[in-house]
Amino acid sequence: MLVFGTIPYLVIVALAVIGLATAALKRNLIKIFLGITIFESAINLFLVSLGYRDGAVAPIFTDAPSTEMVMATPQALTLTSIVIGVATTALLLSFAVLIWKHYGTVDTDKIRRLKE
Amino acid sequence: MRRYIVAAIFVILAASLLSIPISFSFGSPIATDMDDYFIEYGQVQTAANNIVTSVVFDYRGFDTLGESVVLFCGVVGVGLLFRRLMEGEEYEDE
Amino acid sequence: MKMSKIVRTGANILYPFVLIFGLYIVLHGHLTPGGGFQGGAVIATGVVLVIVANSYEAVTGMLQKVVFKAQESIGLLLFIGVAAIAITLGLPFFYNFLANSGSIFGLSVPFGPNHGDLNTAGLIPIMNIAVGIEVWGGLTVIILSMLSGLDRKEA
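Residue numbers (the numbering used here), protein chains in the order written: chain A, 259 to 374; chain B, 13 to 106; chain C, 34 to 188.
Hints are computed from structural coordinates only; laboratory data are not their basis. Only a predicted model underlies this, so the values are computations on that prediction, with no experimental measurement involved. Idealized CB from N, CA, C, for every residue including glycine. Hints are supplied without guarantee of correctness; some may be wrong.
[Unchecked claim] Chain C is faced by these chain B residues, among others (derived, beta-carbon under 7 Å):
hint, residue
1, S40
2, V56
3, T58
4, A59
5, N61
6, N62
7, T65
8, G73
9, L83
10, V90
Chain A extracted, bound-state conformation (with noise of 0.2 Å):
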């Protein structure tokens, strides 16, 4: 049937609205930066399965199968977009840490204004 064909993107699309959804509409701050990062994942997955080819192999010559390869350049790009979204995590994180020892509580209901 059609559907089974594009099943990797229906799955992405899944991926996103889940995480939009968690990153718009909850209240604790570790909650947030999870859809956040959610939303990277099905990104990340959406620019490797661009490059498919049916019945093809993976792009390395080390006792290949067959000389017939997937597109190599969505990986690369791939690569360079994980590095970055470990960085961004790594910052969210850490600011989430402060918050919770500077207002005692990580609930962005109860964090207005800047503690004087």
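Since the structure of chain A is already known, use the hints to place chains B and C on it.
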């Protein structure tokens, strides 16, 4: 009332994101001229068996330089946020 | 809070194997899937295993932040330095001047599937090692900084 507006916005967002599986076809990419060149000549020019590594470090090495600098700046930022005060300083104010 | 003796002994025995596996992934980046970033993340996970099994107070004397900060800087400088050596030879920036040349990593490879020789691929293994050192130092600095920022109540 506000819940219905938020739910309607997310339904519209999901419906507009669903245009991706309809317009792309999985398994047959359209513009593959550059990747055909990399797969055909990459092993002879760079003498590496792994085409993805030769793309990351040889054909597109400048992007990897930028990515290393971004990771370095992220680690510097984390080290800056958890700094202990040396003696002779007090909390910086205003 | 300390883990039990079984967990501590298991982690201390497993750490060299994780280290060797990560270094294998870094060094064979031009033959098998892997490379600098992936191998560096595996080695940093091994260090985090040792930190979590023994408590942070017991580790703080041996793993200092200054050593890993220096290691990260050395990795990034090695990466840029190796790429800038090509300018002194009259070639463009980042040019792979060791491939197909007969020097250190300079064996030639014909087209087609083969069994993989470690002596190939020019400047790419050196750049893999530099990026692996940088990611190892960077991720360990992140973990040590975040753990030192929590104040412990003596339980």
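Do the hints match the structure? See the list:
1. Because the closest C-beta pair between B:S40 and chain C is about 24 Å apart, greater than 7 Å, the hint is violated.
2. With a least beta-carbon distance of about 6 Å to chain C, the hint placing B:V56 at the interface is held under the 7 Å criterion.
3. About 6 Å separates the beta-carbon of B:T58 from the nearest beta-carbon of chain C, less than 7 Å, and the hint is met.
4. Restraint check, B:A59 versus chain C: the minimum CB separation of about 4 Å is within 7 Å; hint holds.
5. Of the supplied interface hints, the one on B:N61 holds, with its beta-carbon coming within about 5 Å of a beta-carbon of chain C, less than 7 Å.
6. Taken as an interface hint, B:N62 checks out: its beta carbon lies about 5 Å from the nearest beta carbon of chain C, inside 7 Å.
7. Annotation: interface hint on B:T65 holds; nearest CB of chain C at approximately 5 Å, less than 7 Å.
8. Hint status for B:G73: holds, given a least beta-carbon distance of 4 Å to chain C, under 7 Å.
9. Proximity of B:L83 to chain C holds as hinted, the smallest CB-CB distance being about 6 Å (cut-off 7 Å).
10. Interface hint status for B:V90: upheld, as the beta-carbon distance to the closest one in chain C is roughly 5 Å, under 7 Å.
Checked against the numbered hints above, the structure violates only hint 1.
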